[in-house]
Structure formats: structure tokens, C-alpha cells
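**Q** Got chain Y; can you put chain A on it based on the hints?
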Amino acid sequence: MSDLKRGEMQLSGRGVTCVRGGREVFAGLDFAAVAGEAVAVVGRNGSGKTSLLRLIAGLLVPAGGRIALEGGDTELTLPEQCHYLGHRDALKPALSVAENLTFWADFLGGERLDAAKSLAAVGLDHATHLPAGFLSAGQRRRLSLARLLTVRRPVWLLDEPTNALDVAGQDMFGGLMREHLARGGLIIAATHAPLGIESRELRIGGAA
Amino acid sequence: MTALSALIRRDIRIALRVGGGALIGVLFFLTVVVLMPFAVGPDLALLSRLGPAILWLGALLASLLTLDRLFMADHEDGSLDLITMSQTPLELACAAKALAHWLAAGLPLIVATPVLGLLLNLDMVATSAVALTLLAGTPALTFTGMIGAALAVTLHRGGLLMAVLVLPLSIPVLIFGVAASQAVIVGPMTFGAPFSILCALSLVSLVVGPFAAAASLRHGLD
Numbered sequence: 034m035s036d037l038k039r040g041e042m043q044l045s046g047r048g049v050t051c052v053r054g055g056r057e058v059f060a061g062l063d064f065a066a067v068a069g070e071a072v073a074v075v076g077r078n079g080s081g082k083t084s085l086l087r088l089i090a091g092l093l094v095p096a097g098g099r100i101a102l103e104g105g106d107t108e109l110t111l112p113e114q115c116h117y118l119g120h121r122d123a124l125k126p127a128l129s130v131a132e133n134l135t136f137w138a139d140f141l142g143g144e145r146l147d148a149a150k151s152l153a154a155v156g157l158d159h160a161t162h163l164p165a166g167f168l169s170a171g172q173r174r175r176l177s178l179a180r181l182l183t184v185r186r187p188v189w190l191l192d193e194p195t196n197a198l199d200v201a202g203q204d205m206f207g208g209l210m211r212e213h214l215a216r217g218g219l220i221i222a223a224t225h226a227p228l229g230i231e232s233r234e235l236r237i238g239g240a241a
Numbered sequence: 043m044t045a046l047s048a049l050i051r052r053d054i055r056i057a058l059r060v061g062g063g064a065l066i067g068v069l070f071f072l073t074v075v076v077l078m079p080f081a082v083g084p085d086l087a088l089l090s091r092l093g094p095a096i097l098w099l100g101a102l103l104a105s106l107l108t109l110d111r112l113f114m115a116d117h118e119d120g121s122l123d124l125i126t127m128s129q130t131p132l133e134l135a136c137a138a139k140a141l142a143h144w145l146a147a148g149l150p151l152i153v154a155t156p157v158l159g160l161l162l163n164l165d166m167v168a169t170s171a172v173a174l175t176l177l178a179g180t181p182a183l184t185f186t187g188m189i190g191a192a193l194a195v196t197l198h199r200g201g202l203l204m205a206v207l208v209l210p211l212s213i214p215v216l217i218f219g220v221a222a223s224q225a226v227i228v229g230p231m232t233f234g235a236p237f238s239i240l241c242a243l244s245l246v247s248l249v250v251g252p253f254a255a256a257a258s259l260r261h262g263l264d
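Those protein sequence lines, which keep their order, are chains Y and A. Counted the way the numbering used here counts, the first sequence spans residues 34 to 241. Counted the way the numbering used here counts, the second sequence spans residues 43 to 264.
The hints are all genuine.
Per the computed footprint, the stretches of chain Y lying under chain A, defined by three or more beta-carbons under 8 Å from a beta-carbon of chain A, are:
(1) 92-105
(2) 111-120
From chain Y, some residues computed to sit far from chain A (all C-beta separations above 12 Å):
(3) E41
(4) A149
(5) S169
These are computed hints drawn from the structure, not numbers from a lab. All values reported here derive from a predicted model rather than from experimental measurement. Positions of the beta carbon are idealized from the N, C-alpha and C atoms, including for glycine.
Next up, chain Y with everything else stripped away, as it sits in the complex (with noise of 0.2 Å):
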């Protein structure tokens, strides 16, 4: 599973709708994302771009309609060839930067870079020996950020990737995507702000 050709894989979903504590977040909800594409899903809050994300991560089930990725790895399913990026970071405060990387390196597997470099890709590199704990809100964004360089998978899926980013860490997050984008990889982000490379728009729930 090296760098996947472009164009090869697409992720897709058909008439997907939603329903969360008997609400309807959204219905029929038509997608689609091929390989080297950025797609930033917009719309007001509440309007359901955060559930978006945790349906074709896996982590809801949709209510109707289906969503699947064609042209991936066909060993695995659609979440284990995502990385999810959510408002809560997964990182332990007991454990050091370096101990929380290499943990979700050693746990989620497969094809990987050294936890040093990708550390160093998020300007992390002089914190490696701190705990989590210590880190602000905006380190802790790019701890989190270094476990997708770390762990390679081709679907990233970012809720809100910017938030908490300085203008320096979003540049340099920019430069992330567009590399990950150029080895064929495919990028789902819920986001207000713009996300600082090309994409394109979906727009969920009526305007904004």
C-alpha cells in the first residue's frame, strides 16, 4: 500500500441520511471525493457536519443510504482506512508527546513513519519528553496532527482542523494537506474557516 495512484479511489455516499436522538440531521444526503480531492463540508451549526464525519468513520450508524469507498484496500474496511481528527484529541496528559505517538503508531498499525520525523513536521520536536498534559491547546492540535503523518492511511477525515492553530500552524498544516493530497490521499473536513488549500464545497442543511 504505497502511495496510491490519483483518480484511483473514491469515496461515495448515496442517499445518507441521519437521525440522532430521534431528530433528523439531514437526509438524502448524495457525496462524493475522489483520491487527491479536498472536500469542506460547510453549513450552519447543529446542521450536522460533525455526524457526516462519524458515518463514514463508522462511528454512527446512518439511518438510511449508503456510503463506501471504492478503489481502497480491499482488506479493510472504510474506517480502518480513515484517520479521524475530532474536537477530543485522544492524547493522555500522564503520557509524553513521544509515548502518545508511538502508542497510536504501534496500536493502529500498517504502513508507518518514524514518530521523530513526523514530530518534527508539526514543530513539535522540542517537546518530545513533556507530558501531554502540559501542552496547549494549540500543541495539542499538532500532536494530534503528527499521528496522521505517522500512521498512513488515505482517508483523512478533520472536524474543525484548524481550530486552536496559529497563522503559522495553519500554513504549515496547509503544506500537510496538499503533501497528503499529492500521494493520492483524500481529504473530508467539517470546517468555518477557510481551510487554506483548494477544495471543494459541500454543503449540508441549507445555507448558512
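**A** Showing chain A alone in chain Y's frame:
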């Protein structure tokens, strides 16, 4: 296998660091058992008769005390999402988490038992019998408690609910654990029969626990 051993190592490491839960259980166990002789009074014969029951109760309550955090912490920080999405079957991940919890929080209780046995006027044989039954029985407490911990995450309610859910499942373990220890100290039963049942309870919970917990976590996806 790397994934599971990574998960076990991480959980043990967190439990042993400052703020982790491993020591809380042992300290609670220590408190309960140390206070008991003062409450019961200086009747040595009574103490040694109650000894196994007190040690077992202390261990049971200590393991309940620490179990409610088993999935809650991972749920709150989003780790559980990533664990659910990964290639590792959720059942195995649950079993690995329970094993890590038992190593970090259950094993220290057994190590502390010989010291606490002194306070309860238990002789060498009696103390080793209690320690042995705890060794065989505490995995059952952890693995059945895990079901309650998973349900507590699903239902968004904390520890109290878990204690109520797990209590009926831990009663048989308590009965046969104490019965086996009593058999060594006062007789007239043989040690083998209740001890075998205790081991059987542990083995059953080793199998049922991870499946029930994983089913509960999957059902509660949100």
C-alpha cells in the same frame, strides 16, 4: 499482537503514573482492612474467623472503585473512537484493557494480602489460601466489572450505576472465594470444590466479559 501489547503497556503506564488509579485501589483495600480490627474489637478468634470475608470484601470494593474509569477516560478523550475504528477487534481491545487493569490494580491487592492477613490474625496457611483465592477470583471481578464499565459509558452515567449493575455478578465470586478460604481455615468442606467453581467463574467471565463489553460499546456508539 503489537496493537494489543501496546494498549496493555499504555494502560499500565497511565495507571502507575501520578494520578493513575492503580494505587487508589490498594490504599482503599488497606484502609478497609486496617479499620476492621478496631471496629470488631480485640477478639482474636472472631477476627481470624472473619478474616477471609473481610479481605475478600475489601478486594471486591477496591476493584469496583477503580473499574468505573476503565472506559470512561478513553471515552472522554476520544481514544475510544479510534480504538473502535482500528483493525483490532473491539472484543480483543476490551480484553486487553481488562487485563491491563487487573495487572495494575488487581495484582497489587493480592500482593498486599499477606501483610494485611497479619492484622486479622490469619496464620501463614490461611493467608496463602486467601491470596490464592484472590488470585483465582479477582480476574472474574475485573472482567464482569468491565461489562458494567462499558454500560456506564453507553448510558452516560457514572460509577454508582456501575456498582449496582456489577454487584449481582460479583456475588457468586464473593461466595465461592470466601467459601474456599474458610474451607482451609475451619473446614469441614474441602478446598477443592469451591475453588474449582471460583476458577470456573473466572474462566467464564474471561470469555463472556469482552464480548458483552464490546457489544455494549458498539451499541452505544454516539
